[in-house]
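> So you can see what is in the structure, the chains are spelled out below.
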Amino acid sequence: MSGAYDLIVIGTGPGGYVCAIRAAQLGLKVAVVEKRTSFGGTCLNIGCIPSKALLHATEKYEEANHKFADMGIKVSPKLDLKKMMTFKKDGVKGNVEGVAYLLKKNKIDTHIGHGAILSPSRVEVVPTGKESTPIVLETKTIVIATGSDVAGLPGIKIDEKRVVSSTGALKLNRVPKKMIVVGAGVIGLELGSVWRRLGAQVHVIEYLDRILPGMDLGLAKEIQKILKKQGLTFDLGSKLTGLKSDDAGCRLTIEPASGGEVTRADADVVLVAVGRIPFTQGLGLEEAGITKDQRGYIDVNAQYQTNVPGIYAIGDVIKGPMLAHKAEEEGVAVAEILAGQAGHVNYEVIPSVLYTWPEAASVGKTEEQLKQAGTTYNVGKFPFTANGRAKVNRTTEGFIKILADKETDTILGIHMVGPNVSEIIAQAAVIMEFGGSAEDLARTCHAHPTLTEAVKEAALAVDKRAIHM
Amino acid sequence: MTVEIKVPALGESVTEATVGQWFKKPGDHVEIDEPLVELETDKVTVEVPAPSSGVLQDIKVTEGETVNIGTLLGTIAQGDNATQVKSVSKPEKSNNQSAPKQESQTLAAAPENAPSVKQAAMPPSPAARKALAESNLKAEDIKGTGRRGQILKPDVTAAKATSSPKAQKPSILSKTAVARTAPEEVFPVPSSEMRAPTFPVDTAREERVKMSRLRQTIARRLKDAQNTAAILTTFNDVDMSAVMDMRKQYKELFLKRHNIKLGFMGFFVKACLQALKEIPAVNAEIDGADIVYKNYYNIGVAVGTDKGLVVPVIHDAERLSIAQIEAEIAEYGKRARDGRLGIQDMQGGTFTITNGGVFGSMLSTPILNAPQSGILGMHRIEDRPVALNGEVVVRPMMYLALSYDHRIVDGKEAVTFLVRVKECLEDPQRFLLDL
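Chains as they are written, first to last, in this note's numbering: chain B, -12 to 456; chain L, 695 to 1129.
Errors might be hidden in some of the hints.
Stated by the list, open to error - Distance ranges between label pairs, derived from CB positions:
(1) L:Asn762 - B:Ala329: 36 to 44 Å
(2) B:Gly276 - L:Asp1077: 41 to 49 Å
(3) L:His723 - B:Ala289: 30 to 38 Å
(4) L:Asp727 - B:Glu335: 47 to 55 Å
(5) B:Ile122 - L:Thr999: 43 to 51 Å
(6) B:Ala329 - L:Gln1038: 45 to 53 Å
(7) L:Ala821 - B:Glu355: 31 to 39 Å
(8) L:Ala821 - B:Lys80: 41 to 49 Å
Note that these hints are calculated values from the structure, not bench results.
From the three backbone atoms N, C-alpha and C, an ideal C-beta is built for every residue, glycine too.
So that you can see chain B by itself, here it is in the shape it has in the complex:
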């Protein structure tokens, strides 16, 4: 059949488009189906990429307001929010067009419309637009990469104006006086930071008694301390029990998580950032007989195959951290598996990053996980206050912490808070992927003066022999 594809990928987020490109590189005839009018999925359109544009721009604004003067630069910055949103939009545009170019370059057919699985070999695409005729594509295999959607709270309606999800929080047309963020995860803290920098009073409510659940507790405490200093306020161990919104604003009722006295709060905007849920609506999973677990994640085996042979799933629709780079790795792995290679993802070494300022980043096991597993480990910690580059830049908040096996010195986890740690975490992932020890890292020459020297010093600190401390 000349019209049949080897592979159809449904969804062109980081998992989907990377999978399609890798498969095309390996010689497969590939098509993608995308319901948005632009490629890149949540990440590029309404997630990571636009939020990073705003985080970057607002941090510059923050610097101009508060840090330039110390460096001898006199400015009186004035916010043009509309222009900032254009900056964001242009950034997104550049990225999604980049994906379109890459798909084209790799000769991947693109179908814009809603994709539904009719059978392991047929995908129906209902083109976007009202009076369109569905088309049916023939294929040998299907990869589901439809990602995730915002998780709501029962009884709370997200209107994306007053009560917003991350989507709405990325395009507010004025700076709210007061913003309440529900959920102290990565999204809540990042977008909370954006609007705080632009002048909003930001208050964060979190059900658990800590921020950044799942990340290393020491790291979470450090970042909370820093964010507090910046003006964010926190209400941990609390739950939102009621929310009313109208043109005048939002009125909330908050209770301790364990029950107790109700407190009331007002806000101009409430950001609901309590997580994300796998998105498989209208995909035809039930009809195809594809099974999901209780939480809605598609069941897959070690080769990412669903219970229906020929249909695979990757990224946020399957279990594991909902991270773009995790989806990308899975996309590559499944493409290689389909091409007869040994595709594999090492879930032990998947970095995660919080893009506040300073940033936080982690890879590997947290101290809590190691304690729970009964693993004995050494800790090497080095603060940026002792790093030359950080000192001259006056970005000395944070630290680097390395956890290494007590007996073998193998690095088990690296956690960092500080300037540019989103970039620094890559070397931590590389050494861990190679199964390296703290000493391996300590004996690797790091350029001076750089922030990365703090990594080397932390590695030395595992053996209690940091030089600059």
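Following the hints, complete the assembly by docking chain L onto the known chain B.
Below, chain L alone, put in the same frame as chain B:
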């Protein structure tokens, strides 16, 4: 005291079996005669009962292994030892599982100098790991040149170059990839039966199931028959009116009297017996340079089951009445569907009848059930126009097929045989007169 569990005698000509499911785990308490494990033979599946009560101590063979008569399957600890054994058997098991792993780790580490602290096994580098997974090499077989003996990509590349080239998984790009290695089979599989490599994208949409021993036996025996005998098929048709009328007339009385339904098979077996007596070559078999004529008539009746076709045998059918034949067939059918047919039930056949008609077959050419020399194929009965005494009339007709071994059955004999079967069925009175 320890009691050994061995593969029991499985009936004549059965020497080996495949181990099926174990019903018990080591450490489980078992009662005497309680089924322990399934053995699948060429012909049937048997359950091996516990030779004594106690605690299942050890399992020596796992599912899928081939065993011979007398092979040790496992052991049972009797009496007081039992509890003790239970605690012993567990660590033993875990040792078995973890030992090779630990070994490979230490091997992979290959420390170059004695370190002050215990050094961790260095896993192969990420690229080396993938290259290893795609090769037939093991990490233990390669000396790593990286830090602390870590296997790096060039190490794998070099090792691949020196080791014998081995079948690689076919890539979607190279359709002409090397053939897959033969999976472990009960019977040696000729290379001609190995499937050509397929696209991995296709493989993903296929299901690979191990052929049951029964299925493999069927396959082998059918092919053996075709390779050995000079199989030829002759056809005829039979007007079923007389048999059908007789059934109609007596079916209630027959059921009342014999407590069994009057079917067609009884008539066919009887008709075949009549024809076999007249044409002994069809009931004979070749033994080297001899022909063995059998003066007994064991008629196999093919029965379809969910696992495959089995052929239970009605022994000494010539001594049985139609009612007895019907009863025996009904009993066999039930047992076949329940998987309770014994080996002895399927041995010793001298001639076989297969009824494709129940599935709607119009015409077929059955394959001989070696070493037999004849097999009668029955087909569906349907009303067809036939010319009778110069007039076209509608009659319930069935095509008959007789496949025979032309080495010992001549064409004339085969045709006569089938004509006789036809005559008997068209005029059942011949049974009475032994015609």
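> Please name the hints from earlier in the document that this structure breaks, with their numbers sorted from lowest to highest.
8
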